[in-house]
Amino acid sequence: MSRFKFTFAIPLAAALFLSSGCGKKDSSSPAGGGKTASQSSKNKDTYVHVTISDIDSLDPAWSYDTASHMVIENLYEFLVAYKGGSITELEPQVAEKVPSIENGLLSPDGRTYTFPIRKGIKFHKGGEVTPEDVRYSLIRFMLFDRAGGPSSLLLEPVTGLDSTRKDGKPLDAAYDKAAAAVTVEGDAVVLKLHKPFAPMLTVLASWSPIVSKEWAVAGAGWDGTKETWKAHNNPEKTAEAFYDQENGSGPFLLERWDKKTKEVVLTRFDDYWRGPAKLKRAHIKGVDEFQTRKLMLAAGDADSIYADYLQQPLLKNLPGVELIDDLPRIDMNPSIYFVFDIETKGNPNVGSGKLDGKGVPADFFADVNVRKAFAHSFDYEGFIRDVNRGKGTRAVSFIPKGLFGFNPEQAHYEYDIAKAESYFKKAHGGKLWQNGFKFTLAYNAGNQPREVIANMIKRAVESINPKFQIDTRPIQWSTYLDMSNASKLPMFIMGWAPDFPDPHNFAFPFLHSNGNYPRLQRYKNAEADKLVTAAMTETDAEKRRAMYYRLQQIAYEDVPSLYILNSVLYRTQRSWVKGYVYNPIHPDSPYSCPLYYLSKE
Amino acid sequence: MAKFILKRLAMLPLVLFGVTVLLFGLFNTLSPEMRASIYVKDPRQLAALDEVIRKYGLKDPFHKQYVRWIARVAKGDLGYSETAKMPVTEAIRSFFPATIELSVLAFIPIMVIGVWLGTLSAVYRDKWIDHFSRFVAITGYSLPSFVLGLLLLMVFYGMLKLFPPGRYSLASDLIINGGNYAAYTGMVTVDSLLNGRIGVFFDALKHLILPASSLTYITMALLVRITRSSMLEELGKDYVRTARAKGLPESVVINKHARRNAWIPVITIASILFVQLLGGVLITETVFAYPGIGRWVAQAAVQLDIPGVMGVALLTSTLFVLGNLVADILYAVVDPRIRFQ
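Sequence lines, in order, name chains A and B.
If you're matching positions, the first sequence starts at 1 in the working numbering and goes up one per residue.
If you're matching positions, the second sequence starts at 1 in the working numbering and goes up one per residue.
No wet-lab data here; the hints were simulated from the structure.
For every residue, glycine included, the Cβ atom is placed at its ideal position computed from N, Cα and C.
The reader is advised that the hints may include incorrect statements.
[To be verified] Pair by pair, the computed Cβ-Cβ distance ranges are:
#, chain 1, residue 1, chain 2, residue 2, range
1, B, K59, A, K122, 34 to 42 Å
2, B, I272, A, P466, 57 to 65 Å
3, B, K59, A, P466, 33 to 41 Å
4, A, K125, B, E51, 34 to 42 Å
5, A, T238, B, L6, 42 to 50 Å
6, A, G126, B, E51, 37 to 45 Å
7, A, G382, B, G18, 29 to 37 Å
8, B, T139, A, G390, 23 to 31 Å
9, B, K161, A, G390, 30 to 38 Å
[As the list claims (entries may be wrong)] Here are a few chain A residues that face chain B, going by a calculated C-beta distance under 7 Å:
#, residue
10, E102
11, N103
12, G104
13, K260
14, V287
15, Q291
16, T292
17, A298
18, G346
19, P466
20, I470
[To be verified] Listed below are the simulated BS3-like cross-link pairs for lysine-lysine, each with C-alpha atoms no more than 27 Å apart in a straight line:
#, chain 1, residue 1, chain 2, residue 2
21, A, K42, B, K59
22, A, K195, A, K230
23, A, K230, A, K44
24, A, K426, A, K467
25, A, K354, B, K59
26, A, K280, B, K161
27, A, K524, A, K278
28, A, K259, B, K59
29, A, K42, B, K161
30, A, K195, A, K97
31, B, K161, A, K358
With the rest of the complex left out, here is chain A:
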């Protein structure tokens, strides 16, 4: 198990140089600190992060977006956690030790993990974390299984099931398998996997945090029994108290989630078992307008802000502000997704819903010629050069460069309007070229690169035939998620941040029919499904690599989505912020991070 893990993880770690000091710091302050050193922070014990995304849900079993998850990571704790900036080294958190074959807590066959549970960890609203809470948390995370949610991250390796439902109905076997796989033995929780799964501990370092069973039940949550689990399977977003309340054991507790101002306020938890955080409070505010965010940073009213490479020149000469640049990512952001079976009922994004020049039908993107035409209509290199200011390299598949299984020779699509035109002419038996089409290409409000992508596609496609019309429109993040979940966006732009650093975490969400994006896209390829599942448990590195190469070829042939960039990012913060540690695995990094380590001078 250990060897298997290191086979894939070490080359990646080496390639990414992921340590706290790996990013290039570009402090805009005068050399030697000068003015900056003499500047002291406003509100010394309060940290303010100003961003563009609002949160979707605080339920750890529901949330599968970075904006929500980064708040959750500060409210709750996991069995194990990433150590500093490393994506391979783990440290114990709620568990007393990280299981390994050497310490006897991982069985030699790599299937049984024993987690001795730390004593004395308190929940925010009272009570101590018990092994039963841990068991409940893991099982709830798997059985909650909301459509398009994160449950499969645990469900699949633990039970062998990729969903708790068949034909929309909950499977009895799901509860039985989950309950049998997670058991309490004295002061420890034992997790028995269906098959060995190398990245299991890294999954547990980011997912299924520990919740209080007693509090959950009191808040109309699941009581943990077989009789009632189906009523809590795939529930509505706001059905349980977890949606906008919490009772975690993390270093911060939720003071309020102000849906009106899109602001989340966290307060230090003074009884935190590792000792209270240095910061007393943290505000995460939503401000869509970049200039306002920039001015707030310059005035010291924000300690860090969301900013992309388009905005970087405007931030470079701000006194007291530092840019930590060239932070390598292991994500696939941004990517463009086609929906194979668009939900046309009550959908304002598809016009007439027919291929009559005034809309698009449900199967508009089901024709591979349309997808290939769009694939040739995007100027990938131009985007990297002009929008990303030359930062990053061209992505050729859904596996990021540097990660195991990446094929540097993979065939990919280039910007070629002539080829795009020829595919458009072939599409839908020539009817598309003759009648034209119209649909809305939406992006999440405030995300400038995605706005530019939408407009680049619009301009390129509309230049091919005057009958082609694409409206571009910004939508608030949470609504954008809802619309894409409902397959109501014919084509959408999103990014994939890794749940754990393994190619499976890219193959499953990009190509498996139950994966995050194919579910929304209503895309299914039987061969891809089989290969994704097989590659997950394959222990022979070369065989596994071959499987991922084949999957990348399938993605090239089927074109379910377009991959643009192997990215790097930068963080913008006041130089008085101390303790920032970059780890690409943290949600929404480098913009946000675990607040526990931060302080202000």
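Here the structure of chain A is known, so what remains is to put chain B in place on it, guided by the hints.
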């Protein structure tokens, strides 16, 4: 006077009826499926969209649908706003006080400076003050509000560190959300005084100054020009010449005689401007990250949050009707001939 007001009030339901029919008619130009999506809170319910259409009678004749809708509106049920993540009535209740605060603070200088500058430019026609007021009006008209907003932010917040965006500072946030502070009206300036928190009052005022100034400058332009032209018309009339011939002081001629008669068009425009401010100032609230109706409806509009947009449209139309009523009453106050007609 009371009879005049009652007559006007009696017409109010009729006007509101017309407005709601118009709004609902516009809403009904959307397909039943699209209107059904209002009732869909979760993507999985989309499969049952036909059931929703049947349940809510979205294919029923217009008049039946209208009666059902207006009955719900009368009960205060305007649907659920996905953008605000709360029912529309609750969203209006929580966003509107911030907008009222901003509108009132902007409206006072709009009236005082607008009328004063308009009067002066009429009295000193083609003198430097007239040119100055023309410059103010033209720039106010032509400057996009986001440019002016950002400019003010850069100078007064970015450079001078005087007036921050948002609604209040972190220090006030601790007091307001600290548990010992009652939100009587939702307006921070008023509530802070009622709670005896002078510091919070001045802090809220500090946050209001830039958006209010931006609105004042942009909105005042029309009022300045209307006041000027109305005053010029009055100043050219015989009664003004007579008043001057009688030897009345110029200040009495202008303030008591001419300006009183020039009020009618000014009141009309002022009432429209005030209601426009109350209806939400989309760009200004967005630029200044000010959580009012405008910022909400801007987000609701781009996200096709129909209940949100309908709710604000209904609120704005009602305000317009009420604004017109107030204007009518004010006409009668400044010109008694109107009530007798």
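A quick look at each hint next to the structure:
1. B:K59 / A:K122: 34 to 42 Å: violated (57 Å)
2. B:I272 / A:P466: 57 to 65 Å: Roughly 41 Å apart at Cβ, these two residues miss the hinted range, so it is violated.
3. B:K59 / A:P466: 33 to 41 Å: Check passed, 36 Å falls within 33 to 41 Å.
4. A:K125 / B:E51: 34 to 42 Å: Once the Cβ atoms are compared, 40 Å apart, the range 34 to 42 Å for E51 (chain B) and K125 (chain A) holds.
5. A:T238 / B:L6: 42 to 50 Å: Taking Cβ atoms as reference, T238 (chain A) and L6 (chain B) lie about 47 Å apart, which means the hint holds.
6. A:G126 / B:E51: 37 to 45 Å: holds (44 Å)
7. A:G382 / B:G18: 29 to 37 Å: Given a distance of about 53 Å, which is not inside 29 to 37 Å, the answer is violated.
8. B:T139 / A:G390: 23 to 31 Å: violated (40 Å)
9. B:K161 / A:G390: 30 to 38 Å: With Cβ atoms ~35 Å apart, the hint holds.
10. E102: E102 (chain A) check fails; min Cβ-Cβ to chain B is 46 Å, beyond 7 Å.
11. N103: violated (44 Å)
12. G104: violated (45 Å)
13. K260: holds (5 Å)
14. V287: The hint holds - V287 (chain A) has a Cβ within 7 Å of chain B, the shortest such distance being about 5 Å.
15. Q291: holds (5 Å)
16. T292: T292 (chain A) check passes; min Cβ-Cβ to chain B is 5 Å, inside 7 Å.
17. A298: Hint on A298 (chain A): holds, closest Cβ of chain B at ~6 Å, below 7 Å.
18. G346: holds (4 Å)
19. P466: violated (26 Å)
20. I470: violated (16 Å)
21. A:K42 / B:K59: Judged against 27 Å, a Cα distance of about 58 Å means the pair is violated.
22. A:K195 / A:K230: Roughly 25 Å separates the two Cα atoms, so the pair holds.
23. A:K230 / A:K44: violated (48 Å)
24. A:K426 / A:K467: The hint holds at about 16 Å.
25. A:K354 / B:K59: holds (21 Å)
26. A:K280 / B:K161: holds (25 Å)
27. A:K524 / A:K278: The hint is violated at about 49 Å.
28. A:K259 / B:K59: violated (34 Å)
29. A:K42 / B:K161: Answer holds: K42 (chain A) to K161 (chain B) is near 12 Å, not above 27 Å.
30. A:K195 / A:K97: holds (22 Å)
31. B:K161 / A:K358: The hint is violated at about 51 Å.
In summary, the numbered hints that this structure violates are 1, 2, 7, 8, 10, 11, 12, 19, 20, 21, 23, 27, 28, 31.
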